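Novice: Fit chain S to the supplied structure of chain E, relying on the hints for placement.
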Amino acid sequence: MIINILLVIDFIMLAVVVAAYLYSSMKERKYLRSEADQSLELQQKVYQAQVLKEINERIGYSLDTGKIVDIITSSLGNLLEYDTVSYMVLEDSGKVIFKCHVENTVSHNFVDEVKQKMLLSYGAILNQRIEPKIIDESITGNILDDSIKAEVESFFNLPVVISGKLVGLINVASVVRGRYGEEQASILYTITNQAATAVSKLQAVLESEKGKLAAIIYSLADGVITVDLNHQLTVYNPAVKTVLGIASDQTLTMFDIVDSLAGKVDVRTKIEQAIAEGKPVTVPEVMLKDRALELTAAPVKDNAGRTIGASVVFHDITTEKSLEKVRQEFTAMMVHELRAPLTAVRWSSESMLKNLSAAAGTDPSKLKDTVVTIETASNNMLELVNDLLDVAKIEAGKFELNVQEYDLVELVNEQARAFKPQADIKHLAINVTTPSKLVLKFDRVRIGQVLSNLISNSIKYTDSGELDINLSENSEQKAVVVSIKDTGIGVSREDLSQLFSKFKQLKGSDHARKGTGLGLVVSRGIVEAHGGKIWAESAGENLGSTFYFSLPLGK
Amino acid sequence: MAKILLAEDDKLISGSLCDALKAGGFEPTAAYDGEEAVAKVKEMIPDLVLLDIMMPKLDGISVLWELKADPNTAKIPVIVLTNIGDVDTISKIVEAGATDYLLKSDQSVDEIIQKVKDVLQRTVKLG
Chain E
1 MIINILLVID FIMLAVVVAA YLYSSMKERK YLRSEADQSL ELQQKVYQAQ
51 VLKEINERIG YSLDTGKIVD IITSSLGNLL EYDTVSYMVL EDSGKVIFKC
101 HVENTVSHNF VDEVKQKMLL SYGAILNQRI EPKIIDESIT GNILDDSIKA
151 EVESFFNLPV VISGKLVGLI NVASVVRGRY GEEQASILYT ITNQAATAVS
201 KLQAVLESEK GKLAAIIYSL ADGVITVDLN HQLTVYNPAV KTVLGIASDQ
251 TLTMFDIVDS LAGKVDVRTK IEQAIAEGKP VTVPEVMLKD RALELTAAPV
301 KDNAGRTIGA SVVFHDITTE KSLEKVRQEF TAMMVHELRA PLTAVRWSSE
351 SMLKNLSAAA GTDPSKLKDT VVTIETASNN MLELVNDLLD VAKIEAGKFE
401 LNVQEYDLVE LVNEQARAFK PQADIKHLAI NVTTPSKLVL KFDRVRIGQV
451 LSNLISNSIK YTDSGELDIN LSENSEQKAV VVSIKDTGIG VSREDLSQLF
501 SKFKQLKGSD HARKGTGLGL VVSRGIVEAH GGKIWAESAG ENLGSTFYFS
551 LPLGK
Chain S
1001 MAKILLAEDD KLISGSLCDA LKAGGFEPTA AYDGEEAVAK VKEMIPDLVL
1051 LDIMMPKLDG ISVLWELKAD PNTAKIPVIV LTNIGDVDTI SKIVEAGATD
1101 YLLKSDQSVD EIIQKVKDVL QRTVKLG
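Chains E and S are the protein sequences, given in the same order. If you count the first sequence from 1, position 427 lands on 427 in my numbering, and the numbers rise without skipping. Numbers given in my numbering equal positions in the second sequence, counted from 1, plus 1000.
I should point out that these hints are in silico values taken from the structure, not numbers from a laboratory. Just to be clear, a hint being listed does not mean it is correct.
Calculated cross-link-like contacts (lysine-lysine; reagent style BS3-like; alpha-carbon spacing at most 30 Å) [to be verified]:
#, chain 1, residue 1, chain 2, residue 2
1, S, Lys1011, E, Lys426
2, E, Lys420, S, Lys1011
3, S, Lys1057, S, Lys1042
4, S, Lys1040, E, Lys366
5, E, Lys420, E, Lys533
6, S, Lys1117, E, Lys366
7, S, Lys1022, E, Lys368
Taking CB as the label site, the calculated pair distances span [said to hold, decoys possible]:
#, chain 1, residue 1, chain 2, residue 2, range
8, E, Leu543, S, Lys1075, 37 to 45 Å
9, S, Lys1075, E, Glu537, 45 to 53 Å
10, S, Ala1039, E, Lys289, 36 to 44 Å
11, S, Leu1102, E, Thr376, 20 to 28 Å
12, S, Lys1022, E, Val371, 18 to 26 Å
13, S, Leu1102, E, Val385, 20 to 28 Å
14, E, Arg417, S, Lys1075, 53 to 61 Å
Computed from a predicted model, the values in this text were never measured in an experiment. Don't be surprised by glycine CBs; every beta carbon is placed ideally from N, CA and C.
For reference, chain E alone in the conformation it holds in the complex:
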């Protein structure tokens, strides 16, 4: 590592010296040059600019250094005169890649000479002697002819540096003595520099993209890991520890992950399966302590389509599962509630049939009781089905109101009167306090339904005491507020917030006082559709409760 850094520093110094030299010599020459020379120089500059543009375009998004050097050498074209153009790359493994393009026919010796000069130069730059065991050599272009005795008479080597790293060496060689001066070196230097800059920028862009990608993976709520083909962990995000419940603050290893899932699922087998099948493998539900996870292993491929490893996503489905459970409980509850009145209807009909066909003759008083039972059960069921339909409409946003101007005082009194017989049975007094008249726009049937729900609930949950129904105008908030206060069983603090929600209400509800809680859900839907609010207050269990709803004035 230290040696490498030293080499890079050495090389940068060398590049600086070369650049400084080229710059000073060009300045000198410019001064001496005639006007004709200047126009030729201009022409060359235009051409050089074109070549640079072409190189930039051709490099595109390639980061393959070999390819880049290829592009540079093949772009030199008419810009420089040469018999061969070559480049050499020393790979980390010690292998040397040597490519030579023969523009004009030369001998094998000529090419060998170029190669030796490049090896020497490469070694000088790296400050080490290069004795390659393997040379990956390729020669393209014109055929070689050993009858030509011409040797390398002029040449120059130019290092290619990308992001401060030496990636190769370019050589141009000619059989003509003294062909290359600073000017030619300068052209090639400019071109390689430009190409190197383009690649550096590209690398920077890719690094930043990689950084963005890493940031996204890092911030995901799902646990994400990637592994290589040897099952070594290459990437993981913090969510992995949370999701898998790994407490360690040490660097994660694949062992930690396999260990945390031990006995539940074999991650390695799933990874191997995904790689073998070439497609994602999902384990829909892995129960891990108090969490439910969905695990998906998928193969990861490179640009060329080769599998280089796999990714595994651990998706926490605990919330989804609990929602699913609540939904199932709701359905089970509804089925139960619908079966109860049906059972009563069925059994009553059965008993009625028996009574009608009894040998001893029909008992009319019993017959009447049975019919009353059937009627009550049918009404209960109808109410339940209507509530369910209303809830469905509210949830689908298809709740329609028939809004007209009515006197709310009249409606409140009407509803209070309707419940008097029920309240009388339980010896509950209903007190109503209202202004003499309060006209506003609302749906008479629907608000009647809300009042009916709230009053019947209050009676249902109150065994002694009284009901106070109050209607008042709140001019500050431009609303009317209806309250129904009872002295009943009250509502616990934690239940207050859940009273008006579809699924929560049903939990632990008191089945002595039959009800699904759907009435309150429907009431909320109706009040909110009017632009009003509905809420409840209670000092606690057995301390009574007050239900409120408000309707906006001037609507």
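Specialist: What follows is chain S alone, placed relative to chain E:
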């Protein structure tokens, strides 16, 4: 006349079934919540209990556990009558030691009466 305790909070269902039990030659007593059911069973020691699951104060499964925990009531046959049909509940009912389990809406009253007779007969034979 065999004494039957009927634990059922739905007054309509309880009424229909009580009538049918009387007509079938039994002596039914109604309880409308779980606590009342446990108290009445311990007091009267019926020949058989018809037990609903969803009841106020104490649910049917808890009633069943209480009855099975008391040597005086442990041997009384209990037929669970419910409208809950999910597997979880059924397995809990079986685990708690119910003699049989019937889904209310699936049965006619006659079928229930017949079941009561069958269970009583078997119990007598075993006894």
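Novice: Could you tell me which of the numbered hints above are not met by this structure, giving the numbers in increasing order?
Specialist: No hint contradicted; all consistent.
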